[in-house]
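K.L.:
The primary structure of each chain is shown beneath.
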Amino acid sequence: MNSINDLCKNYQSKNGPITALKDVNFHVRDKEFVCIVGPSGCGKTTLLKLIAGLLESTSGQIIFVGPSTNSQPRSALVFQEHGLFPWMTVLDNVAFGLEMQGVGREERHLHAKAFVGKVGLASFTDNFPHELSVGMRQRVGIARAFVSNSQILLMDEPFGSLDAQTKLILQEELLKIWRENQKCVVYITHDIEEALFLGDRVLVMTARPGSIREEIHIPLTRPRDLSIKERPDFIKMKGHIWKILEEEVRKSCG
Amino acid sequence: MKENHHLFGFMREGWLTVLIIFFIAIAWELGVSMGWLSSLFFPPPSFIATTFKKLILNHKLVDHTGITLWRVFLGLVLGGIPGLILGLILGWSPRLYRLINPFVAATHPIPKIAILPLVMIIFGIGESSKVVVIALTAFFPLLLNTAAGVQQISPIHFEVAKNYGANLTKIFTRIIFPGSLPLILTGLRLSLNLALLVSIAVELVSAQEGLGAMIWLAWQTLRTEELYASLIMTALLGILFNFFLQRLAVYLVPWKTEQRI
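Chains as they are written, first to last, in the working numbering: chain A, 8 to 261; chain B, 10 to 270.
I should point out that these hints are in silico values taken from the structure, not numbers from a laboratory. Warning: the hint list may mix true and false statements.
As the list claims (entries may be wrong) - Far from chain B by the CB rule (all over 10 Å, computed), these chain A residues:
id	residue
1	24
2	155
3	186
Unchecked claim - Taking beta-carbon pairs under 7 Å as the criterion, some of the chain B residues facing chain A (in silico):
id	residue
4	165
5	169
6	187
7	264
Said to hold, decoys possible - Dumping the calculated DSSO-like pairs for lysine-lysine here, alpha-carbon to alpha-carbon at most 27 Å:
id	chain 1	residue 1	chain 2	residue 2
8	A	56	B	69
9	A	236	A	250
10	A	120	B	265
11	A	120	B	171
12	B	62	A	56
13	B	179	A	120
14	B	69	A	125
15	A	174	A	190
16	A	190	A	236
17	A	183	A	38
Cβ atoms here follow ideal geometry from the backbone N, Cα and C, with glycine treated the same way.
Take the sequences, apply the hints, and build the full model.
P.N.:
The following block contains the structure:
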């Protein structure tokens with residue numbers, strides 16, 4: 008089991024030290040889809056960057072099972088936007104993780120092509136990101152994360168800048184790819200419906216300093232389709248999370 | 010698909026340019042034959058054209074142009090490549106940038122032609138001092154634009170690379186170099202044009218061969234038609250350089266079709 012134990016992160020700012028995260032504790036089971044929701048500014052992105060190894064924690068532990076070597080990074084991040092390299096084609100972007108692991112050109116292109124096809128962009132392999140719509144670019148970002156042999160995928164509001172319809176379609180596609188290639192996913196969002204639709208569990212964070220306030224198991228069976236959003240238990244869970252978040256947002260507004 | 014401005018735009022506006030040049034030439038020709046313009050200062054375009062053709066056929070203009078181009082090339086290689094490499098490093102390391110930048114800021118604005126006498130004291134009056142001045146000229150635009158090119162790469166791209174386990178070599182070859190390439194090409198264009206300008210300036214004051222020397226000799230012997238022919242050749246070189254660099258940009262930075270370098 009992967010676990011985050013008593014994780015803390017302090018920043019130095021002009022106005023003195025800021026505690027971004029305080030005693031964050033949770034675990035992620037193998038092949039589990041965990042969503043994290045929280046008020047804006049609660050340190051969600053900081054948490055993800057700590058797990059990704061892009062930031063150093065002030066104290067606490069991040070324990071992941073499985074190898075963490077240069078040839079196999081433990082995590083792959085999917086960014087909100089602008090995560091793709093504008094100077095690489097779709098295929099090279101998707102193959103980037105494998106390239107960094109030293110996989111030869113032919114082999115990595117073979118793997119990458121398969122995933123580009125899975126996200127429905129087979130006819131765009133040689134296009135550059137600027138030639139794609141925002142939704143297509145996020146598909147590329149997701150394909151890139153899945154192609155890398157990382158144990159855990161970290162997603163930072165990947166659909167945050169999409170229109171509502173595209174977002175729904177991509178959520179379903181993400182679940183489909185995840186079902187076929189089961190990995191741990193830690194998914195950050197401020198969209199409660201999205202968290203409930205995607206996750207096995209939803210962790211609700213407090214306002215800054217961020218910590219996990221509540222953990223909610225989602226007992227909805229998979230595969231899920233959009234109709235589950237109409238179910239009474241879905242709506243009830245949504246109301247529950249919304250109430251917690253509302254409290255936290257009010258707290259942070261003072 | 011967006012319109013490819015600099016190719017089709019160039020052709021559309023190109024016709025207009027040719028038309029304007031044509032009309033100016035006719036007015037000029039007419040002005041000289043009517044006696045409104047002195048043919049000593051403004052030899053008729055037809056005479057300049059035949060002189061140009063003659064100087065091409067007897068290889069005089071070709072040889073001088075070749076010598077100037079060789080100097081531009083040497084200067085660009087000896088000055089531009091170090092500028093590019095140092096620019097990549099300075100753009101990548103904010104600490105080195107802070108350390109080196111004061112020296113760059115102090116030496117960059119000095120007109121390089123003004124230090125030719127100093128360079129000649131050090132390198133002698135031969136070919137090498139000319140090339141040194143041209144190289145110094147080509148050094149700065151590539152250095153400054155490359156450093157700026159690296160600095161404008163989004164931090165997210167470095168984070169993605171780090172997250173996927175990129176080592177330093179990969180960060181340079183896959184992120185820093187391609188990410189700064191559009192501005193490197195801007196630097197190259199500036200370096201190339203300035204190298205041509207300074208080559209001719211150096212040749213004007215201290216050379217027996219090259220376009221600048223030819224211009225100077227034509228002025229001293231009052232052969233204004235040869236002077237104009239050399240100037241036309243210089244202008245053609247400028248046009249050629251820029252056309253070549255535009256094509257290079259289309260080829261090297263296909264992800265920036267809007268790039269106007």
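K.L.:
Which hint numbers doesn't this structure obey?
P.N.:
2, 8, 12, 14
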